[in-house]
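Visitor: So the chains spell out like this:
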Amino acid sequence: MMMFGYLQPQKEELKVKEWVLYKSVYCGLCQYLGQYYGILSRLTLSYDCTVLAMLYMSLHSEQYCIKKKHCVVNPLKKCLFCQCRNDSFRFAGAVSVIMTYYKLTDTIEDSGFLKKTGASILKLLFRRNYRKAVKAYPEINDKVAVMMEEQRQAEQNNSDIDRAAEPTAHLVSDLCTVISPGDEQKRILGVFGYFVGRWIYIMDAADDLEKDMKHQNFNPFQKIHSGEIAATMEYCNQVLNMTASHLAMAYDLIELTEFKEILDNIVYNGLPCRQKRILFDKYQKKRKEV
Amino acid sequence: MYRILGVSPYASDEEIKRAYRNLAKKYHPDRYADSPLAQEASEKMKEINNAYDAIMQDRKNNANASCQPPPYEPYREKSTSYHSYQKEGSYQDPYKDPFKDRSDDPFFHQDVKSEYVQVRLLIGAGKIKEAEMLLNTIPSVARDADWYYFMGLIALRKGRLEEYRNYIATAYAMNPTNEVYKNVYESVNHQRKFNRVSGYGWGGKDNFFMDFLCDACNICCDSIPYDNPYQHFDN
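Protein sequences appear in the order of chains Y and S. Going by this note's numbering, the first sequence opens with residue 1, and the numbers climb by one from there. Going by this note's numbering, the second sequence opens with residue 1, and the numbers climb by one from there.
Some hints could be false.
[Said to hold, decoys possible] Which residues of chain S face chain Y? A few of them, derived with a C-beta cut under 7 Å, are:
id : residue
1  : Lys26
2  : Ser35
3  : Pro36
4  : Leu37
5  : Glu40
6  : Gly159
7  : Arg160
8  : Leu161
9  : Glu162
10 : Gln191
11 : Arg192
For the record, the hints were derived by calculation from the structure and aren't laboratory data. Predicted model, so just to flag it, every value in this text is computed and none were measured. We put the beta carbon where it would ideally sit given N, CA and C, even for glycine.
Here chain Y stands alone, though its shape is the one from the complex (with noise of 0.2 Å):
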């Protein structure tokens, strides 16, 4: 499954008045679920989708208002909340609540009774939401059905890591092709799109390497390197620079205006430092412990 937040700028390098920004993305998709699907869709907030809405507005050059009020989750605190009138933040929650729904679906299949139970019922509370955001956008649900669907069937072939990865980026890169603004850019984002969902399978697949080993889950990793994991670190890495090279290479050619230089951050910065945190830092971490 995709939208784990593995999407982020790396703070350090943002100025602030870029980082007060894209906190302000973050709260107002958040305000968004709240006051359109309820409550409980809160919780699906991801950074994904907060890149997916900055991605929208800035595709199509959107105005935006940024207003201060309480936050939800903390009512001391003040926040800024990002609005846009435009479908932007009607898309990317939409997204967040359709994933989100697929994901429960997924963990109810393969997890132990506990996780189970817990995932059914919210999945049952999470129905209305589910429908409504169908209701919006029918073309992503089937998008993402028919992904669900082939990467059960890559998973059963026991694929490799490019086969494997395709159901994700074709999603990813459908999702991108949706929010084109004209004919010109759709064919740059559909490539821009297929490497980003590339690079958060591997991603999560590294990310996930140890817990699939131990539980004889299925992971592309797995045969390579017979399971050793910093030889497999290694070798993750590589096969994700080589994504995020051509990845970068398709994103310098899509137009954009809003947000340009956080997402360039993202891009540039964020990818390469979370393959740093989670491919070597977060071992690195345990080997201390041990």
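Take the given structure of chain Y and dock chain S to it, following the hints.
Guide: Just chain S now, kept in the frame of chain Y:
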């Protein structure tokens, strides 16, 4: 014009030059060599070249009017090499007539099979399935380095980067003397290596670009008119 280069109209010539260089590196045809977006990149490059030419022409005229020596002259001469991409037509449509347009491409100095020419045209036209079908008709005994190279290109079009790498590695192993395979193989390996140490405290965007771009400049050094490709990072 100024917006395309991302500079203010009041920028100095030096600033404009720097902006142009950075952009030219970013959209350099070598960076997008086999990419599915090569066409789009070359259009962007053309746009940047035109904007730069127009600005420089504009400034030259103004400078001449006030009898000032045009300060950018040395660079203009050097920069012709970028423009050669455009004027010789070698990157305008590399798939149109491979023998003519890519005569500099060492690949076409060998006697290539007619199938491969056909495959190259099909890939250029975006007909990936047809190209793959054509390649699969070649019996496995007759599959040489070229075959693996083209299979690699098809994998790249599909976004299957690992497959692409394996095919390229095979092609290079089968025929290590071929310049094209060597360059592509090295560029792939460079892409995989780039950001090991990136993260907090390590350089900024520029450093990152340096690594991202141009395959350690082993290809570009011949074509880019920099005396020293790293020079603008010194300041």
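Visitor: Next, verify each hint and record whether it holds.
Guide: Here is how each hint holds up against the structure:
no., hint, result
1, Lys26, "6 Å, holds"
2, Ser35, "6 Å, holds"
3, Pro36, "6 Å, holds"
4, Leu37, "6 Å, holds"
5, Glu40, "5 Å, holds"
6, Gly159, "5 Å, holds"
7, Arg160, "4 Å, holds"
8, Leu161, "5 Å, holds"
9, Glu162, "5 Å, holds"
10, Gln191, "4 Å, holds"
11, Arg192, "4 Å, holds"
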